[in-house]
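**Q** Join the two chains into one complex using the hints; note that each chain is given alone, in its own frame.
Protein sequence lines, in the order shown, are assigned to chains A and B. When we follow my numbering, the leftmost residue of the first sequence carries the number 3, and every step to the right adds one. When we follow my numbering, the leftmost residue of the second sequence carries the number 55, and every step to the right adds one.
Simulated from the structure, these hints should not be mistaken for laboratory data. No residue lacks a Cβ here, since even glycine has one placed at the ideal position from N, Cα and C. A couple of the hints might just be wrong.
Claimed, not checked - Among the chain B residues that face chain A by a calculated CB cut under 10 Å, a handful are:
id, residue
1, Leu-126
2, Ala-128
3, Phe-149
4, Asp-246
To be verified - Over the 10 Å line for every Cβ pair with chain A, so calculated as not near, a few chain B residues:
id, residue
5, Ile-86
6, His-132
7, Leu-139
8, Asp-178
9, Glu-182
10, Ile-233
11, Phe-277
As the list claims (entries may be wrong) - Label pairs and their calculated CB-CB ranges:
id, chain 1, residue 1, chain 2, residue 2, range
12, B, Asp-253, A, Met-3, 45 to 51 Å
13, B, Leu-265, A, Glu-115, 24 to 30 Å
14, A, Thr-206, B, Val-109, 51 to 57 Å
15, B, Phe-100, A, Arg-179, 37 to 43 Å
16, A, Asp-124, B, Glu-141, 54 to 60 Å
17, A, Pro-50, B, Glu-141, 26 to 32 Å
18, B, Phe-68, A, Thr-128, 21 to 27 Å
19, A, Glu-197, B, Ser-279, 57 to 63 Å
20, A, Thr-158, B, Glu-141, 27 to 33 Å
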Amino acid sequence: MRAFRLLSLVLAMALPLGAAAQQITVSAAASLTDAFKELGPKFEAAKPGATVRFNFAASGVLLQQIAQGAPVDVFASADQETMARAAEQKLVDTATRRNFASNALVLIEPLKEAVGVKSLQDLAGTGVRKIAVGKTATVPVGRYTRQVLEGVGLWTVLEPKFVQADSVRQVLDYVARGEVETGFVYRTDAAVMSEKVRVAFAPTTTMPVSYPVAVVAESRQKALAGDFVAFLSSDAAREVLARYGFGKP
Amino acid sequence: MNTTNSLIASADWFPLVLSLKVAAVATLLALIAGVALGWVFARKRFPGHTVLEAVFMLPLVLPPTVIGYAILVAAGRHSPLGSWLREHFDYSIIFSWHGAVVASAVVALPLVLKSASAAFAGVDRSLEAAASTLRQSPFSVFLRVTLPLAWPGILAGTLLAFARAMGEFGASLMVAGSIPQQTQTLSMAIYDAVQAGHDDLALLLVVVTSLLSVTVLVLSNRFFSLR
Chain A
3 MRAFRLLSLV LAMALPLGAA AQQITVSAAA SLTDAFKELG PKFEAAKPGA TVRFNFAASG
63 VLLQQIAQGA PVDVFASADQ ETMARAAEQK LVDTATRRNF ASNALVLIEP LKEAVGVKSL
123 QDLAGTGVRK IAVGKTATVP VGRYTRQVLE GVGLWTVLEP KFVQADSVRQ VLDYVARGEV
183 ETGFVYRTDA AVMSEKVRVA FAPTTTMPVS YPVAVVAESR QKALAGDFVA FLSSDAAREV
243 LARYGFGKP
Chain B
55 MNTTNSLIAS ADWFPLVLSL KVAAVATLLA LIAGVALGWV FARKRFPGHT VLEAVFMLPL
115 VLPPTVIGYA ILVAAGRHSP LGSWLREHFD YSIIFSWHGA VVASAVVALP LVLKSASAAF
175 AGVDRSLEAA ASTLRQSPFS VFLRVTLPLA WPGILAGTLL AFARAMGEFG ASLMVAGSIP
235 QQTQTLSMAI YDAVQAGHDD LALLLVVVTS LLSVTVLVLS NRFFSLR
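So that you can see chain B by itself, here it is in the shape it has in the complex (with noise of 0.2 Å):
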């Protein structure tokens, strides 16, 4: 017992606290494309719609790896959008925590994408047709009608992403690297842990991230039953 509290106070928990603040950022900007993809995907029928989809759905079935080449040739060194930022606003998103998010937001945003499409194709239209009736704007009728109706819907589907983003692995780790103290996620940390040998830190590590996805996986199952 004593070892194990010495072995929780001398850890580091710098991984801990990244890869919650990279999974919050990257579910805030999952959320927001998600939603607005979401309501247009379950709203409106234009030619391609289900290829375009699919699209945005393949993260979800994509090795990491992919992704994470990707977004190196997207907004590497020498792409045109990397080599702008870094001339310009010298700025660059590899090697930093912000490349995490956007690895972590890229595969996050298919579970949100899901989650909301399928929410708001579930809400009875002759309702928003109703409000429209009663001078309310597309935009009130969104906002006052269609998004309580589905809003369980979609918090399951964000809760689901935040999980998945924590554990993202793979992508950031080609984008944003293993620094620690600064681009270490939890992931990554375990990762290094179970390379160099200390078995101990990594299963302080393991139990530590297994605990908090199994908290928010359940918290996300009472949502989508609340549908």
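Excised from the complex, chain A in its bound form (with noise of 0.2 Å):
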């Protein structure tokens, strides 16, 4: 009897193991905040059982929590480069990774009392006096814009002029806030905030924004990070993706 009970509570303390075994953590860079939260439940169910945590953050940030061996499952990044490093760093399965996902970088003013820019060049006018960008150090619209602007050869010119922002949301609540007279974010980001800012131009980059993603090297639930990942390239995932404003690969 006493064996039978002792069984038991054995059984019993295993049983949240048995729960926790159906979760991953999805680090996802923080335009896909939006997409994911609702391709979350969609997968959740999908996979009855399975659970699904997001951490959107801009990717650097999210590539250097999994390097200090924050417990991630699958990681999906705003540009090949921050993959890069990781899959350098073997902190991904390169095995799994794919793209998933494109977008495009747009230049926008808030909505009330815009400047009124309508190319590049305007950006070196008296009328901007700060220009939002993302820090290029980690965050990838950041780099983008380096890109873009460096082509033009405006980047170190503009520079005096930049407010560097932790990721492209915060450049998009610096100008919703009006606190900058324009800013650099993905054409998704422009989407979710319509009421307050509004697209002045896209301008062409030179590399696709590409958004690739891949299983975490680390993770301890690789089978059920390989079923999100291949569910992102699946219909239902596409479907919503594109109504968000995101590309195909």
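**A** Shown next as structure tokens:
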């Protein structure tokens, strides 16, 4: 009798382990916030018993967290460079790496009292005092911005006007508040705050804005993580991503 | 040793200079306001004075993000004050080192206020009374009797306030942003270095900040014990 009670106690204690066995943590670039929050429940519905937790920040910051040992299962970044760094540091399972979406860089202005920027050259004018850009070290959108501005020889010229943000969503916030005259975000972010910002124009980037995803090497849920990565390429996921303005990979 | 030397030589010391500048100005503002308010709270009893004193002490316990948000709401682009300043003086504290000064002054004020209030309360009123019988104006009494007796306590609080202002992060980041060569203070530089993975630079800046803060605190302690 005592052995039976002991056994059932041990089994009962093991139950939470069973429940946690079906949870994955996805670290995704800040620009994926709204789309992924909608994809989470869809994935959970497709895989009963599975739960997904999200962690959104600038891709470079997420990489740092993973490098420091954060218990993450899937990493989705907003540019190939961050994923390449992850692969270099052996933090992701390169066999699982694939591109799942694309985006576009846009220049936005506040809806109220906009300066009326029409081209990149206008940024050098006196009407534009501050330009919000992502920190180039950690934020992919900052790097895309630098590429575009270096391409027209304006990066160093405009540097005194830059306000560097920790993520693309912070750039969006600065512009939405009107504290800066313009900012560079993705088309998908501009759409999220369409009641506070408007797209001035979309500069052409030399490198396409492409989003890779991969399973983290130290993940304890490799199978479920792999399922999530595969899910991102499914029709259901593509439909949601397209609705938010993401393009095909 | 060579790598340490080259790290120190190549490190950007602007954040250190800016932090010292911001903390100095912020502490000065906090000192003026703190001494004035401290005297009022120590000497005057009016209805609601405990609540008012608590309000001024709030920045000590509120999260820095609350303070940062409050400043944004009060002085941001679309606030009455912010739009007035922008229209008439083409001036804004947002994304300027002045914003960092305001944020640091707000968090430093409670420290000066509490110390000044306690220091003034500890001054023997009979000495002040004696001075007034010798035909000293109230201001002269303050200058020649109260202040000389209260200054060690006030100075100790001011040094604490300076250390607090040096270490401000959160509110100043929200208001002034971390713009290298313009508004990036020492604490913001550490944050940026850690985020970008520059651990050795982060460690160097942490050591510098810690040494500075320890020095200020040791000085402050000596003045506290002088009372």
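**Q** All hints, please: hold or fail.
**A** So, going through the hints one by one against the coordinates:
1. For Leu-126(B), the shortest C-beta to C-beta distance to chain A is roughly 7 Å, which falls under 10 Å, so the interface hint holds.
2. Interface restraint check: Ala-128(B) against chain A, minimum CB-CB distance 13 Å, threshold 10 Å, status violated.
3. At a threshold of 10 Å, the smallest CB-CB gap from Phe-149(B) to chain A is about 5 Å, leaving the interface hint in force.
4. Annotation: interface hint on Asp-246(B) holds; nearest CB of chain A at approximately 7 Å, less than 10 Å.
5. Every CB of chain A lies more than 10 Å from the CB of Ile-86(B), the least distance being 28 Å, so the non-interface label holds.
6. Chain A draws His-132(B) into its interface by the beta-carbon criterion, the shortest separation being 6 Å against a cut-off of 10 Å.
7. Every CB of chain A is more than 10 Å from the CB of Leu-139(B) (nearest about 13 Å), matching its label as outside the interface.
8. In this structure Asp-178(B) is separated from chain A by more than 10 Å, as the shortest Cβ-Cβ distance comes to about 51 Å.
9. Its beta-carbon lying about 49 Å from the closest one in chain A, Glu-182(B) satisfies the requirement of being farther than 10 Å from that chain.
10. Look at Ile-233(B): its CB is around 6 Å from the nearest CB on chain A, not clear of 10 Å, so calling it non-interface is violated.
11. For Phe-277(B), the shortest C-beta to C-beta distance to chain A comes to about 39 Å, beyond the 10 Å cut-off, and the non-interface label holds.
12. Take Asp-253(B) and Met-3(A): their Cβ atoms lie about 58 Å apart, and the range 45 to 51 Å is violated.
13. In this structure, Leu-265(B) and Glu-115(A) break the distance hint of 24 to 30 Å, their C-beta atoms being roughly 46 Å apart.
14. As the Cβ distance of Thr-206(A) to Val-109(B) is approximately 54 Å, the hint placing it in 51 to 57 Å holds.
15. At roughly 38 Å, the beta-carbon separation of Phe-100(B) and Arg-179(A) lies within the given 37 to 43 Å, and the hint holds.
16. For the pair Asp-124(A) and Glu-141(B), the supplied restraint of 54 to 60 Å is violated, since their beta-carbon distance comes to about 23 Å.
17. Roughly 59 Å separates the CB atoms of Pro-50(A) and Glu-141(B), a value that falls outside the hinted 26 to 32 Å.
18. For Phe-68(B) and Thr-128(A), the hinted distance range of 21 to 27 Å is satisfied, since their beta carbons lie about 26 Å from each other.
19. Separation of Glu-197(A) from Ser-279(B) is about 59 Å and conforms to the stated range, judged on CB atoms against 57 to 63 Å.
20. Taking 27 to 33 Å as the suggested C-beta distance range, the pair Thr-158(A) and Glu-141(B) conforms, at roughly 32 Å.
Hint violations for this structure: numbers 2, 6, 10, 12, 13, 16 and 17, all remaining hints satisfied.
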